[in-house]
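Q: What follows is the residue order along each chain.
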Amino acid sequence: MNSIEVTNLSFSYTPEIDVLKGIHLKLDGETTAIVGQNGAGKSTFVKLLKGLLRPTEGEILLNGKNTKDYTVASLAKEIGLVFQNPNDQIFKNTVIGEVMFGPLNIGQDEQKAKEKSIEALEKVHLEKYLETNPYDLSLSERKLIAIASILSMDPNIVIFDEPTMGQDYAGKETLKEIIFELRNQGKLVLCILHDMDFAAEVFERTIVFNQGKVLIEGPSRDIFAQKEILEQAYLEQPYVAQIADELGLKGSYATDEDLLRALKEE
Amino acid sequence: MAIIKVENVKYKYPDTDKLVLNDMTFDVEQGEFIGLIGKNTAGKSTLCFALAGLVPHFFKGAYGGKVLVNGLEVRQHEIGEISPHVGLVFENPFSQMTGSKYTVYEEIAFGLENMGIDREIIVNRIEESLELLDITEIKDKNPFDLSGGQMQRVAIASVIALKPSILILDEPTSQLDPQGTEEVFKVIENLTKEGITIIMAEHKIDKMAGYTDRILLIHEGKLIDFDTPAKLFSREDLQDYGIIAPAVTRISQSLGIQNKENGLYPVTLKELSREMGDKR
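Line order of the protein sequences matches chains L and A. The numbering of the first sequence is UniProt numbering, which starts it at 1 and goes up by one. The numbering of the second sequence is UniProt numbering, which starts it at 1 and goes up by one.
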């Protein structure tokens, strides 16, 4: 099973301001959502996991490998990160060129890289745009191309930074399928989210960041039932939980079905 | 009088065959908060561009019909003449930054300076906007050193500072945390009280249901419906247009909870609570 172990992790960009302070976490098989207000340190945290930033203090072990002892390039097979802004990630002038770039660089041969890339593009339903320039597509489509470029490398740990941004209902359903499939393949999936409904419905576990620290973590069901703590972290409950709360129902609710079942029993 | 008039607008981007806007007609009254919804590639961003004049002036392409904003026919006036009336916040805040300014403060000043406004008023407007969007703390930072969420707030502030009579926002809260999203919706709602007309494209249906006066649903370049949130979200065929109703409405539909007077489903927590209360 894939694992990430974080001990006493601290990080600062400038000496005066600590962005992350003393983080301890152990992640294994479960799909995990990372939530928290803007500026809480979520994106910094995942950049540290990926090895793009180096801890000021503390250690990160990816499947037992200490990120300090490896280059970013040598970790690339192990861990993939989809950036929040696809424009920071995409630089090739064809979709297929973009998606194949990663696999070719981690040593796949041309034919395998192409197969993997087309497969990845099929998953995000953009396989008809192989020769299109990514910048002729919409922002939400570029977001999906950025995802395909990571999937094509087939890393054991996959991190998404706000994948639901700008996605419509169909786009979110596509994402759900991808995340479930990765989980079934035994991959470790981490996802930064501002969409609480999506986090509660899709992820087994949730970590709440607040001002550079882990405020609380645990099974998503338990986390999203805690209205006060979520509000303290500038978040809110998923809508179904808000409805349950308004109607005076106790317990935790992540999906429409949960709530309907409870209401019908009443 | 309608502040926005759209009459039979058709539009195609250059070198393409598909009408992205296909015979759209609608009016918006001054001070209304209009939500614009539809699946991705339905034409939401293009419609935003057409109201701000970027379509056709910047993007070119084939154009038919008429758009009037504040009495100006968009096609007959240059972007420079339209922009004092219509402010546009882009979907990607990165695209909104000028790239020529080194601090958030100067970035917000840019539009005001270009409009030739007095220095004193500029300073006031900047401070007001910084405060409204809660970004005073980062006013001396370089816009490109900001997080996605912070940059999005700067993008909104830089347009609000111009006090346009019509404000168009293309997914302005996509990178904001839940409470940040709520704050932005409140700021925007307050602007309507000053008589500013709002058009906002957004996927956050549940928020739109609570804040907007009317919702414009578009699909493949066509206007499907333009009505109050309650009426629009009570439609049975939303899924055909790639839209899912707010959680409150979905739950109400499953339980058969309707407003007794008009038969519509609740769209906000308050409405649901009221209908449930009556039932219990």
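Just to be clear, a hint being listed does not mean it is correct.
[What the hints assert, rightly or not] Straight-line distance between alpha carbons at most 20 Å, and here's what the computed PhoX-like set of lysine-lysine pairs gives:
| hint | chain 1 | residue 1 | chain 2 | residue 2 |
| --- | --- | --- | --- | --- |
| 1 | L | 172 | A | 207 |
| 2 | L | 26 | L | 213 |
| 3 | L | 128 | L | 116 |
| 4 | L | 128 | A | 39 |
| 5 | L | 92 | L | 116 |
| 6 | A | 18 | L | 128 |
| 7 | A | 222 | A | 10 |
| 8 | L | 47 | L | 187 |
| 9 | A | 222 | L | 172 |
| 10 | L | 92 | L | 68 |
| 11 | L | 227 | A | 270 |
| 12 | L | 65 | L | 92 |
| 13 | L | 227 | A | 207 |
| 14 | L | 77 | L | 112 |
| 15 | L | 47 | L | 21 |
| 16 | A | 270 | L | 250 |
| 17 | A | 18 | A | 5 |
| 18 | A | 101 | A | 60 |
| 19 | A | 207 | A | 163 |
| 20 | A | 186 | A | 60 |
| 21 | A | 12 | A | 39 |
| 22 | L | 21 | L | 68 |
| 23 | L | 176 | A | 39 |
| 24 | L | 123 | L | 112 |
| 25 | A | 141 | A | 163 |
| 26 | A | 270 | A | 222 |
| 27 | L | 123 | A | 39 |
[Stated by the list, open to error] To list a few chain A residues with every Cβ distance to chain L over 12 Å, as calculated:
| hint | residue |
| --- | --- |
| 28 | 31 |
| 29 | 44 |
| 30 | 117 |
| 31 | 273 |
Source of the hints: derived by calculation from the structure; they are not laboratory data. Think of the CB as a built atom: it goes at the ideal place given N, C-alpha and C, for glycine as much as any other residue.
Q: The structure should be examined with respect to each hint, and the outcome stated for every one.
A: Comparing the hints with the structure gives:
no.: 1; hint: L:172 with A:207; verdict: holds (17 Å)
no.: 2; hint: L:26 with L:213; verdict: holds (15 Å)
no.: 3; hint: L:128 with L:116; verdict: holds (15 Å)
no.: 4; hint: L:128 with A:39; verdict: holds (19 Å)
no.: 5; hint: L:92 with L:116; verdict: holds (17 Å)
no.: 6; hint: A:18 with L:128; verdict: holds (17 Å)
no.: 7; hint: A:222 with A:10; verdict: holds (9 Å)
no.: 8; hint: L:47 with L:187; verdict: holds (18 Å)
no.: 9; hint: A:222 with L:172; verdict: violated (23 Å)
no.: 10; hint: L:92 with L:68; verdict: violated (30 Å)
no.: 11; hint: L:227 with A:270; verdict: holds (18 Å)
no.: 12; hint: L:65 with L:92; verdict: violated (31 Å)
no.: 13; hint: L:227 with A:207; verdict: holds (18 Å)
no.: 14; hint: L:77 with L:112; verdict: holds (15 Å)
no.: 15; hint: L:47 with L:21; verdict: holds (15 Å)
no.: 16; hint: A:270 with L:250; verdict: holds (19 Å)
no.: 17; hint: A:18 with A:5; verdict: violated (23 Å)
no.: 18; hint: A:101 with A:60; verdict: violated (28 Å)
no.: 19; hint: A:207 with A:163; verdict: violated (24 Å)
no.: 20; hint: A:186 with A:60; verdict: violated (35 Å)
no.: 21; hint: A:12 with A:39; verdict: holds (18 Å)
no.: 22; hint: L:21 with L:68; verdict: holds (18 Å)
no.: 23; hint: L:176 with A:39; verdict: holds (17 Å)
no.: 24; hint: L:123 with L:112; verdict: holds (17 Å)
no.: 25; hint: A:141 with A:163; verdict: violated (24 Å)
no.: 26; hint: A:270 with A:222; verdict: violated (32 Å)
no.: 27; hint: L:123 with A:39; verdict: holds (19 Å)
no.: 28; hint: 31; verdict: holds (28 Å)
no.: 29; hint: 44; verdict: violated (10 Å)
no.: 30; hint: 117; verdict: holds (30 Å)
no.: 31; hint: 273; verdict: violated (5 Å)
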